[in-house]
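2 protein chains.
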Amino acid sequence: MMKTTAVIMAGGRGERFWPMSRMHYPKQFLSLTGGGKTMIQLTVERLSPMVEMEDIYIVTNQDYVELVKEQLPGIPHSNILAEPAARNTAPCIALAAAVISRKYEEALMLVLPSDHLIKYTEMFLDVLGRAGETAEKGNNLVTIGITPTYPETGYGYIQFAASKEQGVYRVDRFVEKPDLETAKEYLSSGQYLWNSGMFVWKLSTILENFRLLLPEIYAGIRPIADACGTDMFEETLRRHFLSFPSESVDYGIMERAENIYTIPGNFGWDDVGSWLALERVNRTNEYGNIALGDIVTIDTKDTIIRGGKRLIAAVGVEDLVVVDTEDAVLICAKDSTPKIKKVIENLKICNRNELI
Amino acid sequence: MMKTTAVIMAGGRGERFWPMSRMHYPKQFLSLTGGGKTMIQLTVERLSPMVEMEDIYIVTNQDYVELVKEQLPGIPHSNILAEPAARNTAPCIALAAAVISRKYEEALMLVLPSDHLIKYTEMFLDVLGRAGETAEKGNNLVTIGITPTYPETGYGYIQFAASKEQGVYRVDRFVEKPDLETAKEYLSSGQYLWNSGMFVWKLSTILENFRLLLPEIYAGIRPIADACGTDMFEETLRRHFLSFPSESVDYGIMERAENIYTIPGNFGWDDVGSWLALERVNRTNEYGNIALGDIVTIDTKDTIIRGGKRLIAAVGVEDLVVVDTEDAVLICAKDSTPKIKKVIENLKICNRNELI
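Chain order of the listed sequences is A and B. Residue numbers for the first sequence follow my numbering, so the first one is 1 and each next one is one higher. Residue numbers for the second sequence follow my numbering, so the first one is 1 and each next one is one higher.
Honestly, the hints are just simulated from the structure, not real lab data. Please read these numbers as outputs of a predicted model, since none were measured by experiment. Just to be clear, a hint being listed does not mean it is correct.
Dumping the calculated DSSO-like pairs for lysine-lysine here, alpha-carbon to alpha-carbon at most 27 Å [what the hints assert, rightly or not]: (1) 301(A) / 348(B); (2) 339(B) / 309(A); (3) 334(B) / 301(B); (4) 3(B) / 103(B); (5) 309(A) / 342(A); (6) 339(A) / 177(A); (7) 301(B) / 301(A); (8) 309(A) / 334(B); (9) 164(B) / 137(B); (10) 309(B) / 334(A); (11) 309(A) / 342(B); (12) 339(B) / 334(A); (13) 301(A) / 339(B); (14) 341(A) / 301(B); (15) 119(B) / 37(B); (16) 334(B) / 334(A); (17) 119(A) / 301(A); (18) 334(B) / 177(B); (19) 309(B) / 348(A); (20) 334(A) / 342(B); (21) 301(A) / 342(B); (22) 341(B) / 309(B); (23) 341(B) / 309(A); (24) 342(A) / 309(B); (25) 309(B) / 342(B); (26) 309(B) / 309(A); (27) 341(A) / 309(B); (28) 341(B) / 177(B); (29) 342(A) / 164(B); (30) 301(B) / 334(A); (31) 334(A) / 184(A).
All chains should be modelled from the sequences, with the hints used to inform the complete structure.
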């Protein structure tokens, strides 16, 4: 296989894991599920049989550079790329491609989120390997699809075409988050996969697609690449990056390019999109509870408790999410987790930035 | 009126306010309702127009003597009586009577719990004044009854006889905690009062009743009184007190004595028997919530939150009790507050005495 590089996108500022996640400490730098390693550490570790540490690039924002250095001491500092502003995934990927192109004329490029969980690493690496083969064979853009297990309405879907080749499919179309009825149809048809936001392509393929489909961004990354390793890098990056449109790689490239393939994965993927994910990625006890930390439960069921340093006692409750941190405690009904952001809005209004 | 003394019973080790109350810091020493003063401080303050500080006696146990000194610096240290063991209210009252009898040959004695709330102090003092008059007039034992406002099944009741005199009634009988049907009958009959555990009598009357009805205790308190102010006091107290039977003044004296009167009170009394009392003694907000501390509520109703130093955010919940302290957080369904003691049992089994 061709030299393989990886780009890990770690600029997210999610609010859905408040009070554990904060503006200065988002989800990818936390161990939400209670294990010792953070999500970004697990993401890098998972790749170690396939990608050298010096070929792993982390794209994040200025605020998190120190966190990345601290949590991933094996990654060369020059591989940590700080976006001057959030511009969605297309400029992020273009920046990484520009930097990598200074080191390698051609290489495979794996693009991965930093804040998803994957249960079965070997199966995951196998899928990445097959995606790499597909990407190498031609100028193909490959997206990893997840075989859906229930009619989720919170994800985008990928419709794929029948294929003679087992396990590699041409993408017919990308579809937006469906309603429940449509999601059920997608599930039963067997023709749809969840869009996981993981991509595999050759450096030359993605750069050519930027040139064709997002020429404004393509034009900007050439001077950025040229300034790589010079005193002018930061200023050049800043000047060009801030002028980029905010665009996702899904809309900007994948939905408009030729030669889009998908490889379905069944490797225990979870995007850990809310506290409710803790039930999916951990084993519940006999009462349906998840109890991470120092917890006493009495007559309590189907409740998720993520403790901190204190004891948490739950008595006679059900279907709650309880999260304890040094300076804030959340008690939230399971069906109200989307409203956690209203707490943050409230804190913003009250200028309580230390809690956000 | 005769010289008036007061005995405040402060030996309770209630578990119902865990995690705020602890073995070494029970309810009477807390400000559960969020105000600045603790319950025992309020109890003493309330009496100040009626009883001199040097005539107020606190009966507690050895573990709480320092807390009493700290919270009630105006009470002479010699008025703080430490029971060598918990023996219910009869020995407690006998001990106080013995000590007071060294100072006054005759006096009125008010006996009050240290952990009840009273909203209308003037009305309370008026009732105590009338109770004092009734106690002075003859060898009467007077108990303060509370006019019931709903069919509570957690209190004992006092049935009183019709009287020509307004506001003072002979007690027909004391009855135990009724079931709901019976409580409803009591309420509608207008012949019953709640037994508040507050008593007024002359020193000579209660001593005479001990002599007649609890002679074993009466025999023991004479040497205790004689040792008062000597080096032998502690040893004498210990020797006799430990031999006393565990007996309540209700069973041991009130239910068996002659000349028992009751004065009905309407002074906003609450025994603060569980966290649910916070709803009765505080004003709820428009959503029925009690929020004491640093609280954000979103779509939350009928919930009691007693915060500590941290922010507490409640989202989409109802009918909960949430209590935050330095080292423990409680989340309890309102209808499950009696099960809080199971948390403590669990902690005892696990030898986690620091949390009890």
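Are there hints from earlier that the structure breaks, and if so, what are their numbers?
The structure breaks only hint 29.
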